[in-house]
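**Q** As a plain string of letters, each chain reads:
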Amino acid sequence: MSTIDATHTGPHGHHEGSYLDGPAGFWSRIAQWAVTVDHKKIGVMYLFAVLFMFFLGGVAALAVRLELLDPVRDVVQPDGTSVTTGYILQSIFGATDGVSGNEIYNRAFTLHGAIMVFMFIVPSIPASLGNFFLPIMLGAKDVAFPRLNLLSWYIYVFGSIFGVLSILMGGVDTGWTFYTPYSLTTDADHWRVVLMVLAAFILGFSSILTGMNFIVTVHKLRAPGMGWFDMPLFIWAIYATSIIQVLATPVIGITLLLLIFERIFRIGIFDPAMGGDPVLYQHFFWFYSHPVVYVMILPAMGIISELLAVHCRKHIFGYRAIAFSSLGIAAVSFLVWGHHMFTAMGELAAMLFSALTFLVAIPTAIKVFNWIATLYKGSIALNTPMLYTLAFLFLFSIGGLTGLPLGALATDLHLHDSYFVVAHFHYVMMGGTVIAFVGGIHHWWPKMFGRMYNEKVGMLGCVIVFIGFNVTFFTQFILGTQGMPRRYANYVDEFQLLHQISTVGSWLLLVGFLVHLFNFIHSLLAGPKAPPNPWGGLTLEWETESPPIEHNFHHEPIVKHGPYDFDTVVPPHCDPKDFPLPDKA
Amino acid sequence: MSYTLAEQSWLSKFIFRAAPASDSAAWSDGLFMMIFWFSTFFFVLLMVLMVYWTVKYRRRPGVPAPVSPHHNTPLEIIWTVVPSSALLVIFILGFQGYLSKTVAPTGALELRVSAWKWGWAITYPNGAQSPETKFLEESADGTVVGNKYPIFYVPENTAVSLRMSSQDVIHAFWIPDFRTKMDVYPNRFTGYTFHTPTLGLEEEVFDETVGQNIPGRDMWVFCAEYCGDEHSRMAATIRVVPQFIYEQKLAEWNAPKDPVELGKQIHEGRCAICHSVNGTPGTGPTWKDLYGSQGLMSDGSTVLKDDNYIRESIYIPAAKIVAGYAGNMPSFQGQLDETQLDGIIAYMKTLSQHAPQPAGSDTGAEPATESTESQPNETTGGGQS
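Protein sequence lines correspond, in order, to chains A and B. Numbered according to the working numbering, the first sequence terminates at residue 585, and the numbering increases by one at each position without gaps. Numbered according to the working numbering, the second sequence terminates at residue 385, and the numbering increases by one at each position without gaps.
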């Protein structure tokens, strides 16, 4: 993807400054960022916003794990009276008016789920790294509709405020799925549930606008010379994601709106007390919420394809297989929502949804095989992004394979709504998406902020996160098969040891992420200046400076080679001595 | 076909804790283990390749990566077709096992399960309900108390089919030992089937009602669909016993009972999860000293808690909410009949210092009768919320 650029004068030949440059003075800087239409600034704003939400959701997760350290027991004292022990959260926050220890727990896990799904993981990769790098990787100056892009950020913030407001008013205890009729009847005299549902509704619009923007950008703004099959696989993944976002999000919008109407106006669509059907709600809900699982994981798969190729310095194996499997996953993802409801439907429906569920496993398996094959005969650098890529392959494979007993009907009847499911989707969502996201942030950090991070500290953080993750969640597989139901504030004593191990793991995860946080802050303050192409990447973002100039490129790039032609092209800004090409036979 | 407890391997014990209790449970454990070994094989294969290649092809300065193919169509076809066929097999086996757990054989013993926030009841074919309760677990030193949960007796070596519905929100009836569950809905019946095992010679459980061990095996029942505050304590015990004990129990439960004893049993099986009898407030008010007392309602009115107040609170719980409580209670209209209501009231009287002493059975101790049913509640008329 080298550019033909007759007047090219090198990265510092022009006076156009970095996108991070701005007017002097704190408030004018803020004002400049607040009205910016630059996709890079918006991407960075999204990055900080979603990472803040990840922090909030993480605090709720730690609270959930803390409560589960000890089961609730009534212990008889020597004087014959009994004392209840084990309400850890209640003892920390004090006995609040009319809120039981169980309800505090129920609110904590609802917050964890709602924040992590709606405010963190759905927007995470597409809105932050996608916003920043999709236009640059295509060789464009910006996304197709820059103002719409800013609007979607403001909608995201606006929606999140509703969610935070609901939390400040005490939070909700519906679970992030808002299943009816429970969500219609709980806290009947309060507005918290409506606020939280409204937050998810509003966030949906942000998702739709971002998705639409990306689809148009990919179709219309590719640099001259870049055909569809010259696009980096990250773009393919974001493109497939955007299609799902645009098609599926309106359904959840309508569903959540109906839920609000049902609560306020009692229209009788989901509430059986008024002739409604709670199963209908589940169908509507999962018709969005299953495809959205792929909104979460597809961009992560895109990141892994990029990281693997660059850090193995090798052409990705099976480019078309990976690209088409992204589209295949997007298509089939719309047909498998019923597998969330195997314990709620008849035999025929269950059979069909089970079969379709296995269908969606195949393109995912194809991707994993191609990634592993990419390692073969590479030149593999072991750094933080690569370590995260390997961690992803390990964790995501477990996440995918443990989907098999959930897709098979006979075994699902046992495992459904147990800790096995909790462990399975954390291996996919966190072991997959979050791990790839953190790896991607490390990979593109020098490009985004123009500073290098400390490689050793980054690798240390990765190892701690990897160990902590497995300690936290592998135990939960066993809890599930042994009979521990999910969303339990309390449990029988036999499960305590595994719960304790899991809680200790969550503290390890905290330490790992704090190491990364420290590393990033240190990099911003005192990190060495990053060269334009520290890893030797061939995609277009490595042609421009670190950080990129405001219009991304000095001249419109013309694409002359594929994104992964490491065996024929010396990467831009790199010394050919460091990048010897193999002898052609 | 009955399933007798086979020797449980350490791996099965580690993964599933309890041995499968039926043929179809053992069958689905077999499927799980098949998927487990299939997955383990491919996972280990992939990870060994990953680590081996990562080490072997680690970057050496100045040495280019050797030329290697960018794609290989036959390879892509192989690793599409091979997993696809394996998945097809898993799908078919999964459906087969699902049918054996959901489709009841003709002549199965039909038990009617009802669920509410937060408890379970089973009605047997002769109309009886189990009044027996036990702690889910008891510690060796006996210091742990808490909630007792209902015991549902089922005969050994019998096909059982469950027909279930809920009084309020969605619940799910999970018996981990039978490896199956199904959601319980307020607006439709759902159900499943299992074949109870044949008891081994040494399998015994302690029967509180007779104070000694009887042949039997206990299994946990958990609610698996989130249903609110006490979701994690919505449990029960399934007790598999020989046919003659099962029949004996059913006959016993249907016989007339002392009202106080009946009320106590109903409380333990259904009410104790929210209403204590020792003065501790729970999700609902305690029953200690409740009967005959004056109480503040959430609308500010004061109400005398007499027979009719209790009747109304059980059948139409939303009519009056005690101040400081959320009004979580579902209606027990159609669930508890007049005799059971009398029993509850009789039991509440024994717990209250405000109630007249049972020895002199004067007006206050009279249980609600049909004649009061149609009368408006005079003492509490202003307290409607």
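Hints are not guaranteed to be accurate.
[Unchecked claim] Restricting the straight-line Cα-Cα distance to at most 25 Å, the calculated cross-link-like pairs of lysine-lysine (DSS-like) are:
{"#": "1", "chain 1": "A", "residue 1": "Lys456", "chain 2": "B", "residue 2": "Lys134"}
{"#": "2", "chain 1": "A", "residue 1": "Lys560", "chain 2": "A", "residue 2": "Lys529"}
{"#": "3", "chain 1": "B", "residue 1": "Lys56", "chain 2": "A", "residue 2": "Lys377"}
{"#": "4", "chain 1": "B", "residue 1": "Lys134", "chain 2": "B", "residue 2": "Lys257"}
{"#": "5", "chain 1": "B", "residue 1": "Lys148", "chain 2": "B", "residue 2": "Lys56"}
{"#": "6", "chain 1": "B", "residue 1": "Lys148", "chain 2": "B", "residue 2": "Lys257"}
{"#": "7", "chain 1": "A", "residue 1": "Lys220", "chain 2": "A", "residue 2": "Lys456"}
{"#": "8", "chain 1": "B", "residue 1": "Lys257", "chain 2": "B", "residue 2": "Lys288"}
{"#": "9", "chain 1": "A", "residue 1": "Lys577", "chain 2": "B", "residue 2": "Lys56"}
Since the hints were made in silico from the structure, they are not lab data.
**Q** Take the hints in turn and mark each one as holding or not.
**A** Evaluated hints:
| no. | hint | in the structure |
| --- | --- | --- |
| 1 | Lys456/A / Lys134/B | 57 Å, violated |
| 2 | Lys560/A / Lys529/A | 29 Å, violated |
| 3 | Lys56/B / Lys377/A | 8 Å, holds |
| 4 | Lys134/B / Lys257/B | 20 Å, holds |
| 5 | Lys148/B / Lys56/B | 61 Å, violated |
| 6 | Lys148/B / Lys257/B | 21 Å, holds |
| 7 | Lys220/A / Lys456/A | 41 Å, violated |
| 8 | Lys257/B / Lys288/B | 23 Å, holds |
| 9 | Lys577/A / Lys56/B | 22 Å, holds |
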